[in-house]
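K.L.:
With the hints as extra help, turn the sequences into a complete structure.
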Amino acid sequence: MVHLHVRDPNTGAAVGDTALYRDVSDRVRASGVGVIVNLTTGYGGRFVPSAGNPRIADESQSNLLSPEARTAHVVELRPEVCSLDVATMNFGEQVFMNTPAHLRVMAERIRAAGSKPEIEVFDVGHIMLARHLIETGYILPPPHFQFCLGINWSMPATREAIAFMAGLLPAGATWSAFGIGRFQFPMVEAAVDLGGHVRVGLEDNLYLAKDVIAPDNAALVQQAIAIIRAKGCRPASPAEARAMLGLAGAPARTQASR
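Using this note's numbering, the letters of the sequence shown map in sequence onto residues 2 to 259.
Treat the hints as calculated values from the structure; they're not laboratory data.
Label-pair distances were calculated between CB atoms; the ranges are: (1) A240 / T12: 35 to 41 Å; (2) S67 / R160: 35 to 41 Å; (3) A240 / N54: 49 to 55 Å; (4) G196 / S67: 36 to 42 Å; (5) P143 / G13: 35 to 41 Å; (6) G13 / E94: 18 to 24 Å; (7) C234 / E60: 43 to 49 Å; (8) V106 / P143: 20 to 26 Å; (9) D212 / E190: 17 to 23 Å; (10) D212 / E161: 26 to 32 Å.
C-beta atoms are modelled at their ideal positions from N, C-alpha and C, and glycine is treated no differently.
P.N.:
Quick look at the structure:
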């Protein structure tokens, strides 16, 4: 599975442009590898209050969007998977904002598009809110969770944190975990040991080892695979991953091919 964000090709700034998501998704599918495409819905959740009035966003730092705008590309492109950040939290010096009302709208639109949400959780309360969304029918079972660890100010990147979070999941859930920066590969080991799946990539970590910059995402994936094999396991094929996640076997559809 590949998790995709997009940036403005002229400025390098993070954006939520559907045309760019379509372009990147089509390029991935054109490779013929058959990986699961997983589009982010995280863009548009950042809020920083202005200095003069904390009720008003600082326009230069905030990008807060409506739930409809944050899922517009999912509705149009209908990826097999998209992220759903069930999290409101301090994220460094800003607030990552996902209110329950917004999450219900996003979850309904994701479900209507036929996409499976990858439920990103940064703390234990996020798991409890996700469970409520599942119990009230906004997210269909079986759910898939992503544990996001080591981010200020969230759960630490430790084995104990993974074990605690995994113990709170509903029956039948699948899960994976990642740690940022120097915690990326220790969390690969921990997730495999504790029965989960793994995520690596340049979004979370730039280094293969201390002072060794990763040349690309592939190098990080290869190092993760080496750890997985050393643990007596192996990476899943795209078909096996689809079966684990309960996805249909057909590739994701764009609006033009419905």
